[in-house]
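Here is what each chain is made of, one letter per residue.
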Amino acid sequence: MMKIVIAGAGSVGSYMAEELAKLGHGIILLDNDPAVVSRGESIPGVKFLLGDACDADVLAKAGVTDADVVAAVTGDDEDNLVVSLLSKQEFGVPRVVARVNNPKNEWMFNDMWGVDVSVSTPHLLTALVEEAVTVGSFVHLMNFEHGKAGLCEVTLAEGSPAIDRQIRDLAWPREASVVGVIRDGHVLPPNGDFVLHANDEVLVLARAEAEDDVRAVLIGS
Amino acid sequence: MAFGFGRKKGTADAAESEVFPAIATIEPRRHVRVKGQIFKLKTRPSQGMPALEVTLIDDTGSVTVVWSGRRSIGGVGLGRRIIVEGVPMKGPRGLTFTNPSYELL
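Top to bottom, those sequences are chains Z and R. Going by the working numbering, 45 is the number at position 36 of the first sequence; the sequence numbering is gapless. Going by the working numbering, 124 is the number at position 91 of the second sequence; the sequence numbering is gapless.
Hints were generated in silico from the structure; no laboratory data involved. A few of these clues could be false.
[What the hints assert, rightly or not] Mimicking DSS-like on lysine-lysine, the simulated pairs with C-alpha atoms at most 25 Å apart in a straight line are:
#1 K157(Z) with K113(Z)
#2 K70(Z) with K56(Z)
#3 K113(Z) with K70(Z)
#4 K56(Z) with K113(Z)
#5 K70(Z) with K68(R)
#6 K123(R) with K157(Z)
#7 K123(R) with K73(R)
#8 K12(Z) with K123(R)
#9 K75(R) with K123(R)
[To be verified] A few chain R residues that don't get close to chain Z, going by computed Cβ distances all over 10 Å:
#10 S50
#11 V52
#12 F53
#13 T58
#14 P61
#15 F72
#16 S79
#17 D92
#18 S101
#19 G107
#20 N132
#21 E136
[Unchecked claim] If we take Cβ atoms under 8 Å as the criterion, some of the chain R residues that face chain Z in the derived model are:
#22 I59
#23 V120
#24 P121
#25 M122
#26 R126
#27 T131
We treat Cβ as the ideally placed atom computed from N, Cα and C, and that holds for glycine.
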């Protein structure tokens, strides 16, 4: 069980609190708007605290001092950055997750501001929309380690060079790993002898430099 | 608990009588005031931004101090004795203070 402090009790924060509480984690939800207190208090297993998360004393009261994770998920990028910086700098929180509201601000969500992982909803939505409209193209779904590695996906088109071949026979680059294949709504574990078909969604975890080679394997050049 | 940004006012005299914990005994995520001597100093760019990284030592051990966003700080030089106050955490270079408040001695 982890102790998790969530700053921002809007729809994102309350949803996270509820889901994480169900998984048995200790959740403290922080918001400075009394109007959302009732909503926060109605979530079982979640402790609600009224206060400004950008105030170090409020964070201390919320128990950030020994929290395992802080999630800054308010609708305000400035606030999320301040919460992240305080959590890292004043409390040494091991994992700080921050929400990016405006993609223009994403470049700031890094170590400098105490952010370990940032999640940008607009970028995620763009990737998912792109995924929906494209078969046979390379979709970058998610970043890890500030973009050094990523999860990408290709839905195999009829002409893909990977079709009817076993996963182990393909010329994968170093530092790329197939993490799963989705076929007809089923998730299939990627064994080496798994034979790929057209319309399979192949999920690959790869280092940024390896993405072009992954593209060549699954789409061709 | 005291939260400090930037430089705290203090005098060298006050520091004389104050007792500081040995650097080797510092624990991660505990607010602490330590005294030490600057043993190593370097500028380390981090994601396009400069950062000043200092290794602080006493007779018992060493700790890393990073001030982000700057290449140098007046008075923070090799051999200088300083007091640093903040919350250290485990980092790739051992226990590290990030942007702590400091006093030059």
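These are the hints, each one checked on the structure:
Among the hinted pairs, K157(Z) with K113(Z) is consistent with the structure: their alpha-carbon atoms are about 19 Å apart, no more than 25 Å. A threshold of 25 Å between alpha carbons decides the hint, and for K70(Z) with K56(Z) the separation of about 12 Å falls inside it, so the pair holds. A distance of roughly 32 Å separates the Cα atoms of K113(Z) and K70(Z); the hinted pair therefore is violated under the 25 Å criterion. Between the alpha carbons of K56(Z) and K113(Z) the distance comes to roughly 33 Å, so the proposed pair goes past 25 Å and is violated.
For the suggested pair K70(Z) and K68(R), the alpha carbons sit about 28 Å apart, so the restraint of at most 25 Å is broken. In summary, the hint linking K123(R) to K157(Z) is supported, as the alpha carbons are separated by about 22 Å, within the 25 Å threshold. For the given pair, K123(R) sits about 19 Å from K73(R) by alpha-carbon distance, which is consistent with the 25 Å threshold. Note on K12(Z) and K123(R): the hinted pairing holds, with a Cα-Cα distance of about 18 Å set against a maximum of 25 Å.
Proposed proximity of K75(R) and K123(R) is supported: the alpha carbons are some 19 Å apart, at most 25 Å. The claim that S50(R) lies off the interface holds: its Cβ sits roughly 27 Å from the closest Cβ of chain Z, which is beyond the 10 Å cut-off. With 10 Å as the threshold on Cβ separation, the claim that V52(R) sits away from chain Z holds: the shortest Cβ distance comes to roughly 23 Å. With a cut of 10 Å on Cβ distances, F53(R) stays outside the contact zone with chain Z, its closest approach being about 19 Å.
No Cβ of chain Z comes within 10 Å of the Cβ of T58(R); the nearest lies about 17 Å off, and the non-interface call holds. With a minimum CB-CB distance of about 6 Å to chain Z, P61(R) fails to clear the 10 Å threshold, and the non-interface call is violated. Non-interface call for F72(R) relative to chain Z: holds, since the shortest CB-CB distance, roughly 22 Å, exceeds 10 Å. A cut-off of 10 Å between C-beta atoms contradicts the statement that S79(R) is not in contact with chain Z; the least separation is 6 Å.
Here D92(R) stays apart from chain Z, with its beta-carbon at least about 25 Å from theirs, past the 10 Å limit. The Cβ of S101(R) does not lie farther than 10 Å from every Cβ of chain Z; its closest approach is about 6 Å, which violates its non-interface assignment. The Cβ of G107(R) lies farther than 10 Å from every Cβ of chain Z, with a closest approach of about 21 Å, so its non-interface assignment holds. Chain Z draws N132(R) into its interface by the beta-carbon criterion, the shortest separation being 5 Å against a cut-off of 10 Å.
No Cβ of chain Z approaches the Cβ of E136(R) within 10 Å, the least distance being about 18 Å, so the stated non-interface status holds. Because the closest C-beta pair between I59(R) and chain Z is about 12 Å apart, greater than 8 Å, the hint is violated. Look at V120(R): its Cβ gets to within about 5 Å of chain Z, closer than 8 Å, so that hint holds up. Taking 8 Å as the C-beta cut-off, the interface hint given for P121(R) holds, the closest approach to chain Z being about 7 Å.
Of the supplied interface hints, the one on M122(R) holds, with its beta-carbon coming within about 3 Å of a beta-carbon of chain Z, less than 8 Å. A distance limit of 8 Å between C-beta atoms decides the matter here; for R126(R) the minimum to chain Z is near 13 Å, and the interface restraint is violated. About 5 Å separates the beta-carbon of T131(R) from the nearest beta-carbon of chain Z, less than 8 Å, and the hint is met.
Of the numbered hints listed earlier, those contradicted by the structure are 3, 4, 5, 14, 16, 18, 20, 22 and 26.
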